[in-house]
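Participant: Here's the letter readout for the chains.
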Amino acid sequence: MPITRGFKGRQTETVGARDRVPPGQYVTRDFPVLTAGPTQRTPLESWSLSLQRGGELISRWSWKEFEALPQTEHTTDIHCVTKWTKLDTRWRGVTFDDIMKAAGLSSAPNMYVMAHCDGGYTTNLPVADLVDGKAMIATHFDNMPIPTTHGGPARLLVPHLYFWKSAKWVRRLDFMEANTPGFWESMGYHIYGDPWREQRYTNDA
Amino acid sequence: MATVAAFRDETPSVKTIAFAVSQWAGHLAGQHVDIRLTGEDGYQAERSYSIASPGGTAALIELTVERISDGEVSPFLTDGLALGDTIELRGPIGGYFTWRPENPSPLLLVAGGSGVVPLMSILRTRNKSANRVPGRLLCSSRRFEDIVYREELDRFAASDNSFSIVHTLTRGAPTAWRGETRRVDTQMLAKYALPAAQKPRIFVCGPTLFVETVADQLLALGHQETGIKTERFGPTGEKR
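Each protein sequence line maps, in turn, to chains Z and C. Using this note's numbering, the first residue of the first sequence is number 86, and each one after it goes up by one. Using this note's numbering, the first residue of the second sequence is number 595, and each one after it goes up by one.
The following block holds chain Z by itself, in its conformation from the complex:
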């Protein structure tokens, strides 16, 4: 790799945690906010979560109904494609497995899901990356309701992929046959987004 003359870097940030920091990432204790447009503010009374297949409704939960689903706590590291990594973030919500179960599905009807959000944001995900406890719809961060700027009242949490996949303000999960690209995936970002393989942009291997 080409050495940058005179560059030393700080390095201290990642001491003791380097095996937890994917290539090209740096550790922050802050919680940066990245959003392509204004912050969404949907009142809980009009919030619902829908599970769909090809746009057809499978199941829908009001906020009250969704909060009554089994709750799972998860502490994990998160990695944003803009290069920051935040360690040991604490979330609570409903796993994708429990959402499927609550909808009466024993297996997924298709291999892919498009997540649709307030504000029109979308992101595509393989079902394999959502099941077996790998993903949840989170409603709490650090034991508090997720702030709207960070995607509250409910956001996806798929922490093993770059954080643009953990869509804020999620309202609809739609099973789909093909791996159709979502918002950022259509605008230069990687279709899958594995931080450990540094799959940031469309042509990354």
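Heads up, a few of these hints could be off.
Stated by the list, open to error - Simulated restraints on C-beta separations:
{"hint": "1", "chain 1": "Z", "residue 1": "Leu190", "chain 2": "C", "residue 2": "Lys793", "range": "29 to 37 Å"}
{"hint": "2", "chain 1": "Z", "residue 1": "Ile276", "chain 2": "C", "residue 2": "Gly678", "range": "34 to 42 Å"}
{"hint": "3", "chain 1": "C", "residue 1": "Pro829", "chain 2": "Z", "residue 2": "Glu141", "range": "37 to 45 Å"}
{"hint": "4", "chain 1": "Z", "residue 1": "Arg175", "chain 2": "C", "residue 2": "Asn755", "range": "28 to 36 Å"}
{"hint": "5", "chain 1": "Z", "residue 1": "Gly218", "chain 2": "C", "residue 2": "Ser616", "range": "32 to 40 Å"}
{"hint": "6", "chain 1": "Z", "residue 1": "Arg175", "chain 2": "C", "residue 2": "Leu654", "range": "44 to 52 Å"}
{"hint": "7", "chain 1": "Z", "residue 1": "Thr157", "chain 2": "C", "residue 2": "Gly689", "range": "46 to 54 Å"}
{"hint": "8", "chain 1": "C", "residue 1": "Ala653", "chain 2": "Z", "residue 2": "Pro107", "range": "32 to 40 Å"}
{"hint": "9", "chain 1": "C", "residue 1": "Gly678", "chain 2": "Z", "residue 2": "Thr157", "range": "52 to 60 Å"}
Unchecked claim - With a straight-line Cα cutoff of 30 Å, these simulated DSS-like cross-link-like pairs (lysine-lysine) come out:
{"hint": "10", "chain 1": "Z", "residue 1": "Lys171", "chain 2": "C", "residue 2": "Lys823"}
{"hint": "11", "chain 1": "Z", "residue 1": "Lys168", "chain 2": "C", "residue 2": "Lys609"}
{"hint": "12", "chain 1": "C", "residue 1": "Lys785", "chain 2": "C", "residue 2": "Lys823"}
Since the hints were derived computationally from the structure, they do not count as laboratory data. Note that the Cβ used here is the ideal one computed from N, Cα and C, for glycine as well.
Got chain Z sorted already, so can you dock chain C onto it with the hints?
Facilitator: Okay, now just chain C, sitting in the frame of chain Z:
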């Protein structure tokens, strides 16, 4: 790889660095690049920086970098690079916060501090094009000497009746200052933002809190959500 070709001081803490780029496919106004620095021990740091130069295929691209005193990368870029040095530079990146001169909508740009950088790329692109659809830049800076691109912005404003520029200073103004002297608020946006009925294309770039505030207020003034593109940077202060 990119080779450092020129430096220009913009303010006491902001510097423009021109890089000669080979095999540059060209960029759109508003896009950014990724920079990767590698130490002798193999340690690497990567960051994104907005492109300041106009969209197109020029052999030089300019980045304007604010020196963050406790930052890892920006002080090296502003103070550690010398002419002729090479660094790894990748891009252009980002397909959403972009503007093309054929866009027929009125243009509203709202900048907080060094958030003016990608907006300057838009403005420079517009200035080079035939696009004279009405537009405005509302630019918030701390003090007079912190206004990035001040003289060039003055020249744009003087040479183009279709585009106006309003400055506001949040930490004191010189005597005879004719701009605003407070943080951007609803009244200021009501006064200077183009009317919502004109459906302007809006770009807001700045520190996180600045962008949050401006975007919320633009919505309250009736601007369409889909017309507002935002880019936030910097800390949120939510440390734990």
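Participant: Check the structure against each numbered hint from earlier and tell me which ones fail, lowest number first.
Facilitator: 1, 4, 5, 7
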